[in-house]
Structure formats: C-alpha cells, structure tokens
Amino acid sequence: MCLIMIPCELKRYTMRYYYLLLFCFVAFAMQAQNIQRETIQVEYISRPSEPLPSGVSTYDVTVSQVYKDIYDEECAQWEMTTKLAQENYDKEMEAYNAKGTGAKLLERALLDEKKPTLRLPTKPHRTEKIFEANIVGSKINMEGMTRAAGGAIVNLEIQQFESMPYEDQRQEIKAKDGSVSYKYYRTMSYRQLVGMSLSLPDGSVVVDQVMGDETLYSKFTSKKYASKSALNKSWDQASINDRLSMTAVQSASIAANTVLNDRFCFSTKTRPMTIYHAKTTKKVNYTDLNNAAFDMEIAMEKYLSDQEASMEGISKCVKVWTAALAEADFNDKKARIDAKVAGVIYLNLINANIWLEEYDQVDKLFDEMRRVPTKRGAEGTAEGLDTFSEEQRRRKKMN
1 MCLIMIPCEL KRYTMRYYYL LLFCFVAFAM QAQNIQRETI QVEYISRPSE
51 PLPSGVSTYD VTVSQVYKDI YDEECAQWEM TTKLAQENYD KEMEAYNAKG
101 TGAKLLERAL LDEKKPTLRL PTKPHRTEKI FEANIVGSKI NMEGMTRAAG
151 GAIVNLEIQQ FESMPYEDQR QEIKAKDGSV SYKYYRTMSY RQLVGMSLSL
201 PDGSVVVDQV MGDETLYSKF TSKKYASKSA LNKSWDQASI NDRLSMTAVQ
251 SASIAANTVL NDRFCFSTKT RPMTIYHAKT TKKVNYTDLN NAAFDMEIAM
301 EKYLSDQEAS MEGISKCVKV WTAALAEADF NDKKARIDAK VAGVIYLNLI
351 NANIWLEEYD QVDKLFDEMR RVPTKRGAEG TAEGLDTFSE EQRRRKKMN
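Quick note on numbering: my numbering labels position 50 of the sequence shown as 50, and the sequence is numbered without any gaps.
Careful, some of the hints might be misleading.
[As the list claims (entries may be wrong)] Using C-beta positions, here's what the derived DEER-type ranges look like:
(1) N399 x Q250: 25 to 33 Å
(2) I45 x S251: 32 to 40 Å
(3) T221 x N88: 14 to 22 Å
(4) A175 x F388: 50 to 58 Å
[Unchecked claim] No more than 30 Å apart at the CA atoms, straight line, and that leaves these computed lysine-lysine pairs for DSS-like:
(5) K333 x K316
(6) K99 x K115
(7) K282 x K334
(8) K224 x K282
(9) K397 x K269
(10) K283 x K316
(11) K83 x K129
(12) K228 x K183
(13) K176 x K224
(14) K269 x K396
(15) K269 x K364
(16) K228 x K319
(17) K334 x K364
(18) K396 x K302
(19) K123 x K91
(20) K183 x K279
(21) K319 x K283
(22) K219 x K68
(23) K219 x K319
(24) K174 x K223
(25) K334 x K279
(26) K316 x K397
(27) K302 x K333
(28) K183 x K219
(29) K364 x K316
(30) K333 x K283
(31) K224 x K183
(32) K333 x K364
(33) K302 x K319
(34) K129 x K224
(35) K115 x K129
(36) K228 x K176
(37) K302 x K269
(38) K282 x K316
(39) K129 x K219
(40) K334 x K319
Hints listed in this document are in silico derivations from the structure and should not be mistaken for laboratory results.
Beta carbons: idealized from backbone N, C-alpha and C, even for Gly.
Could you put the whole structure together from the sequences, leaning on the hints where they help?
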C-alpha cells in the first residue's frame with residue numbers, strides 16, 4: 001500500500017473541504033439506515049485561551065462614560081455660576097436696602113436705576129442617558145476569580161451616543177378593492193460604542209478593544225402609524241435615544257464578559273452533542289449501540305459536576321463502540337455494522353475521545369474515517385468536530 005504524506009495544514013484544509021461538500025448528504029443517509037440520534041447539551045469548563053499570570057487571581061471593574069464627564073463638568077460650571085450670581089445679587093440687595101426711600105426714588109428718577117434682579121443661568125439639559133457604573137459593571141463576572149481590589153482591572157468606557165437625523169418613511173398598502181392607504185414611520189441610524197480593556201497589576205494591558213464594529217451604524221425603525229400626526233405625537237427623541245443607548249450598552253457589557261471569560265478564565269460553557277445509534281429490527285439487533293448511547297447521555301450529564309465518574313462512563317461506551325466497529329463490513333450492505341452504521345460509530349468515538357481529552361486518538365479516528373468507505377453522511381456530520389478538537393488541544397497545552 002502506498003501512502004502519500006501531505007503537510008498538516010493542507011490535510012486539515014482538505015478534510016474541512018470534504019466535510020462541507022458532503023454535509024448535504026447527512027439527512028438522507030441517516031433516514032435510509034434508520035439511524036437514531038439523541039442531541040444533548042454538554043456543560044463543561046473551558047480553559048482560557050490566554051491564561052493570566054499565576055499570581056493574578058482577583059479583579060475589579062471600573063466604568064467610565066465620556067458624556068457623563070462632560071455633563072458633570074457642565075453641571076459643576078452651572079453650580080459655580082449660579083452661586084456667583086446669587087452672591088452678587090445678595091450684595092446688590094444689601095446695598096439697595098441700605099439706601100433710604102428718598103435716595104431710591106431720586107436714583108430711579110435721575111439714573112433709571114431699579115431694584116436689583118436675580119438672573120440665574122439655565123441648568124444644563126441632559127442630552128444622553130447617564131449610566132450607573134455599578135449596574136453596568138455588574139455584568140462582568142470573571143469565572144474562577146474573586147472580585148477584589150489589587151488584581152486585574154477591567155475598564156468599560158461608554159463612548160458618546162451618535163445618531164443621524166431621522167428620516168420619514170411611508171409604506172403604501174393596496175387593498176383588494178384597489179384602494180390605496182399609507183402607513184407612516186421613521187428610521188434613524190445610530191451607534192453606541194463601548195471600549196473594554198483589561199490591565200494587570202504591573203500596569204500592562206492585555207486587551208484593549210471596542211465591542212462591536214466601529215464602522216457600522218445600527219438602524220432603528222419606529223412603529224407604523226396611520227397618519228403623520230400620530231407619528232409626530234408618538235416620537236420622543238430623548239426617550240428613544242435613552243432606550244437605544246441602554247440596550248446597546250447592555251449588549252456590549254455582556255459581549256465584553258464573554259470575551260474576558262473565553263480568553264482569560266476557566267469558564268462554564270455549553271456545547272451541543274449528538275449521539276448516534278441504530279434502530280433494532282427483527283433482522284438486526286443493535287441493543288449494544290442503544291445501551292451505549294443511553295449510557296453516554298448519562299455520562300455527559302455528569303461531565304461538569306463529576307468529571308471523574310463521567311469519564312469512566314465515557315470510556316465504557318468507547319469500548320462498546322470500538323468492539324462494534326471491529327466487526328464492520330464496508331462492502332456488505334446487509335452487515336450489522338455496514339458503512340452507514342460504521343460512519344456514525346466513528347462520530348461517537350470522535351466525540352467521546354474529545355471529551356476524554358485524547359486528542360491524538362481523535363486525529364487517528366479522523367484519519368481512519370477518511371481511509372475507509374464510510375457513507376458520506378458521517379463525514380458531513382463531522383463538520384466542526386475537528387476544529388473543536390484542535391481548539392481544546394491548544395487550550396489544554398496553554399494551561
């Protein structure tokens with residue numbers, strides 16, 4: 001037998017190309033062989049892709065807002081100007097009251113001087129939503145770390161709300177009788193960016209990014225009304241801006257938390273997993289595969305809470321599937337373990353060995369599946385497992 005050796009990267013690219021190409025055959029192949037499937041959600045602890053230094057076990061969160069700083073400065077200036085105006089008025093009133101009645105009348109007649117008037121500056125008008133730092137900061141929860149001062153610092157910077165002038169729109173509605181009516185609404189482009197950074201106790205910054213796309217604006221569309229007057233009456237620009245800003249900041253904070261946990265924490269994640277078995281008939285008995293699928297489901301339910309017991313259960317299932325695969329006959333369609341059943345057993349074994357963290361065995365199984373004539377549906381369904389396996393291998397190596 002002649003084996004052609006190809007570079008690892010090319011091999012991975014080729015494998016993924018075939019998986020994508022063959023994915024469309026999955027449903028037909030499964031149905032034709034009475035393949036059964038059980039899809040479950042697996043909870044597991046994901047290792048960080050960029051682990052923090054071993055001495056960093058605590059973190060704190062600070063939240064700043066560009067507009068709040070501007071508004072606070074305007075308010076401080078207003079308070080100072082108001083105080084000065086009040087002081088000047090009090091002095092003028094004191095001097096005015098010290099004058100006699102005759103002097104007051106004479107000054108009013110000759111100099112047109114009147115009683116002092118208190119003129120206060122207008123209080124600044126808020127044009128953006130002001131966020132409570134503790135509420136925004138509460139969205140950050142770095143799993144496995146304690147929230148306390150002296151460790152890493154997460155900073156969320158809420159940038160200014162930006163919006164374009166709204167545009168009036170009209171929707172034409174044609175009735176069956178041919179009559180035409182209109183609905184009126186408005187659209188407005190806006191964006192609310194939030195910056196996120198993580199710095200270490202030594203002052204080094206390990207991440208500094210803006211959540212979302214800095215070049216894109218979102219579009220808000222109002223409700224539709226039967227008249228322009230109803231639309232105008234309902235349109236409250238300040239209220240709309242506040243609502244859009246709040247939603248955007250909340251989404252950005254959640255996204256920042258996801259990034260931080262994925263890159264720097266041992267975080268809890270959930271991933272779907274499909275376990276395959278075959279339907280027992282009068283002619284063919286698949287009790288071993290059915291029992292293994294049931295046992296695998298029970299084992300995966302314990303993966304987060306009792307990993308040792310879970311892996312023991314997974315290993316038992318691996319033995320059953322390995323034994324079944326050994327009797328595979330890829331050329332006999334009537335064989336108990338024919339090409340179709342063998343293909344899904346490979347999928348079960350690949351999944352099982354990923355969760356057992358036996359990544360070399362996963363590679364071996366992928367190679368075997370490519371070399372033997374399993375049905376195309378199995379290879380198509382494996383799309384994504386290779387990527388997940390490689391990512392889990394890399395994270396384990398990093399930690």
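Hint by hint, here is what the structure shows:
1. N399 x Q250: 25 to 33 Å: Between N399 and Q250, where Cβ atoms are some 31 Å apart, the hint holds.
2. I45 x S251: 32 to 40 Å: violated (25 Å)
3. T221 x N88: 14 to 22 Å: Given about 51 Å between the Cβ atoms, the range is violated.
4. A175 x F388: 50 to 58 Å: Because 54 Å falls inside the window, the suggested range holds.
5. K333 x K316: holds (28 Å)
6. K99 x K115: Answer holds: K99 to K115 is near 11 Å, not above 30 Å.
7. K282 x K334: holds (13 Å)
8. K224 x K282: violated (62 Å)
9. K397 x K269: Between K397 and K269 the Cα gap is close to 19 Å, so the pair holds against 30 Å.
10. K283 x K316: holds (26 Å)
11. K83 x K129: This hinted pair holds, its Cα atoms lying about 27 Å apart.
12. K228 x K183: holds (8 Å)
13. K176 x K224: holds (21 Å)
14. K269 x K396: holds (15 Å)
15. K269 x K364: holds (27 Å)
16. K228 x K319: violated (71 Å)
17. K334 x K364: holds (27 Å)
18. K396 x K302: holds (20 Å)
19. K123 x K91: Judged against 30 Å, a Cα distance of about 23 Å means the pair holds.
20. K183 x K279: violated (56 Å)
21. K319 x K283: holds (24 Å)
22. K219 x K68: With Cα atoms ~24 Å apart, K219 and K68 stay inside 30 Å; holds.
23. K219 x K319: violated (55 Å)
24. K174 x K223: Between K174 and K223 the Cα gap is close to 19 Å, so the pair holds against 30 Å.
25. K334 x K279: Holds, at roughly 14 Å.
26. K316 x K397: holds (26 Å)
27. K302 x K333: violated (37 Å)
28. K183 x K219: holds (19 Å)
29. K364 x K316: It holds: about 19 Å lies between the C-alpha atoms, which stays within 30 Å.
30. K333 x K283: holds (13 Å)
31. K224 x K183: Answer holds: K224 to K183 is near 6 Å, not above 30 Å.
32. K333 x K364: holds (25 Å)
33. K302 x K319: Holds, because 19 Å separates the two Cα atoms, which is no more than 30 Å.
34. K129 x K224: Holds: K129 and K224 sit about 25 Å apart, inside 30 Å.
35. K115 x K129: Cα-Cα ~41 Å, so violated.
36. K228 x K176: holds (24 Å)
37. K302 x K269: holds (14 Å)
38. K282 x K316: holds (27 Å)
39. K129 x K219: holds (19 Å)
40. K334 x K319: With Cα atoms ~24 Å apart, K334 and K319 stay inside 30 Å; holds.
Hints 2, 3, 8, 16, 20, 23, 27, 35 from the list above are not met by this structure, while the remaining hints are.
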